[in-house]
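Protein chains: 2
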Amino acid sequence: MTEESAQPERIGVLRPTLEAVAELAGVSRATVSRVVNGGAGVRASLRERVQRAVEELGYVPNQAARTLVTRRNDAVAVVVAEPESRVFSDPFFAQQLRGIGKELSAADSQLVLLLVEDTGDYQRVGRYLAGGHVDGALLFSLHQDDPLPAMAHRVGLPTVIGGRPWAATDRDQLYVDTDNRGGARLAVGHLAALGRRRIATITGPLDQTSAADRLDGYRDILPDGDPQLIAESDFTQEGGGRAMAELLARRPDVDAVFAASDLMASAALRVLREHGRRVPEDVAVVGFDDLESVAAWTDPPLTTVRQDIEDMGRLMARLLLRRLAGNGGADAARTTPASVITPTRLVVRASA
Amino acid sequence: MTEESAQPERIGVLRPTLEAVAELAGVSRATVSRVVNGGAGVRASLRERVQRAVEELGYVPNQAARTLVTRRNDAVAVVVAEPESRVFSDPFFAQQLRGIGKELSAADSQLVLLLVEDTGDYQRVGRYLAGGHVDGALLFSLHQDDPLPAMAHRVGLPTVIGGRPWAATDRDQLYVDTDNRGGARLAVGHLAALGRRRIATITGPLDQTSAADRLDGYRDILPDGDPQLIAESDFTQEGGGRAMAELLARRPDVDAVFAASDLMASAALRVLREHGRRVPEDVAVVGFDDLESVAAWTDPPLTTVRQDIEDMGRLMARLLLRRLAGNGGADAARTTPASVITPTRLVVRASA
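Residue numbers (the numbering used here), protein chains in the order written: chain W, 186 to 537; chain D, 186 to 537.
Worth flagging that the hints you see were computed from the coordinates, not collected in a lab. Take the hints with a grain of salt, since some may be wrong.
Identical copies look the same in the list; a pair holds intra-copy or inter-copy alike.
Stated by the list, open to error - Within a straight-line C-alpha distance of at most 25 Å, the following computed SDA-like cross-link-like pairs (lysine to any residue) qualify:
| hint | residue 1 | residue 2 |
| --- | --- | --- |
| 1 | K287 | R455 |
| 2 | K287 | A207 |
| 3 | K287 | L509 |
| 4 | K287 | A523 |
| 5 | K287 | R463 |
| 6 | K287 | D405 |
| 7 | K287 | E423 |
| 8 | K287 | R366 |
| 9 | K287 | E267 |
| 10 | K287 | S270 |
| 11 | K287 | D496 |
Turn these sequences into a full structure, and let the hints guide you.
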């Protein structure tokens, strides 16, 4: 198929044609088509002439046609399966997107952000991912029943998942995770070392591996803990505040809290203050994330488990780009790096 | 071109073919292709058989090929030409995206979010917009030198702009704006009616029409105002705080401030408090936006100019979808509704 046979007729729009480029460059249409699609087998001098003509006329190759030839879009989807209200209020996503954006930008690949508001959206997002608009996808915030990894796998779209998936639909599935369980052990171990004896935890949604792993870390340190000291929540500020109030009602003698995210920890601080508890004197609090705009600014500043969120975004993008560069063959599978678990560390501030 | 000739060879991926669908449905490949591309001229009973086979096999038509036939992606780009750090910290964008998302979702069209971090990104974003991946685009936060409307126009991509553009590159250019000038007059008129005599303003970036129009509204009420009472800023919290500090240094006798966004107004409240000024007794403050998560929660709650941000997002999406539905001909231009200016009103709370 030649380039121009796919050139659409758009009514009322003057769009420079492939013929016009060929005429200005003084070459055949086939040559222009070859240059536009990567330039293989075209002399450098001819290629430059064509490129000058392309620029002069502002010619834009029809991408749908070009994609059929090159199989490249120079674009990567980032799919966040969380409500827009959460994506935009949780600095976690912004920091991760910043890392991804920097890495893709350096590779001249366009970041295409797709949000999944509710389960009805999966079908449409899956269609877009299958539609040849992106070269690969980074998938975020995967709850247990998230159908996207399987959808992407079925249509052969390379993906990297943010956070360990529950079950690998594909043994080559790449992901970047943080050491959630080890981080939680650091947090709870620190509270135990301070002599706290009634250490509660506020968890994230337990259908996410990050939340389940942090709870496992808590249990590693406190295998015989009272289940009343565990409050399941959802990683949000509102949820964290509600969970803290519940814990105070159930166990007024609580003397420490490990909240599995900084947003939940900051809400816990507020609820403790409203109930007249001093932090850390009466109740010590540790968070998780070390969000740059949150942890250092709470009152008192938050002791928390640091994960390098922006760097995780960069790593995800880098893994995907490497898989795309080696796309396809068995060789690529051998040289493509494996999934990554990034380390955590405890940042001690005033709250514990 | 038939559907299957464009079916890509992907190594190592089992992807159901058009032939498999034809076999299962007991119809010809041409019939499957026609159904997949819209079903024109295919009997309902045959169409249903094909659709059942498509679902059973999980067949996904090659979209690049399909797009060449249908010219439809069922996707709309939202381009925000602001740094990610601002997009994710300013609730304005989240509210507008919510409105857009609801409207597109109802039309089963995918929202594709593209951020422009710096001027180097325009080329890449323009390429994606030109690439046949979306049916149209909503363009936001246009500074005076933003090349995107012209880029989109050149490749014939229908657009609706959020905010009045400086110069229409196209007399049919659709936009949705709020009555910025009228809103500013309401705010400053209210302060004047309270008897305030040294009314300052903190502006947005004056290369955006929204900021320029709000300053014009201020000048409508105070044509002979002291230029020292005008502090140019950037719509952000940090910028608003800096501008308030400057105003206090230049004119310690200031007795009222119209800040052209709620985020700037909330920072102004904080800076005034730090300088020992009581609001509204010493200095009355009015904002602009009525952001749901900001205006009612400041201390004291903020008197502000309300614009219905979510509704503006819905209107933008609706205008674009209507233009797409009537795509192309001269008839469409006649029936497509014109740009919209939405009204504002003053919401009086404690700050003025």
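Hints, verified against the model:
no.	hint	verdict
1	K287 x R455	neither (35 Å within a copy, 33 Å between copies)
2	K287 x A207	neither (36 Å within a copy, 45 Å between copies)
3	K287 x L509	within (17 Å within a copy, 33 Å between copies)
4	K287 x A523	within (22 Å within a copy, 38 Å between copies)
5	K287 x R463	neither (41 Å within a copy, 44 Å between copies)
6	K287 x D405	neither (37 Å within a copy, 44 Å between copies)
7	K287 x E423	between (31 Å within a copy, 23 Å between copies)
8	K287 x R366	neither (28 Å within a copy, 38 Å between copies)
9	K287 x E267	both (22 Å within a copy, 15 Å between copies)
10	K287 x S270	both (24 Å within a copy, 13 Å between copies)
11	K287 x D496	within (10 Å within a copy, 32 Å between copies)
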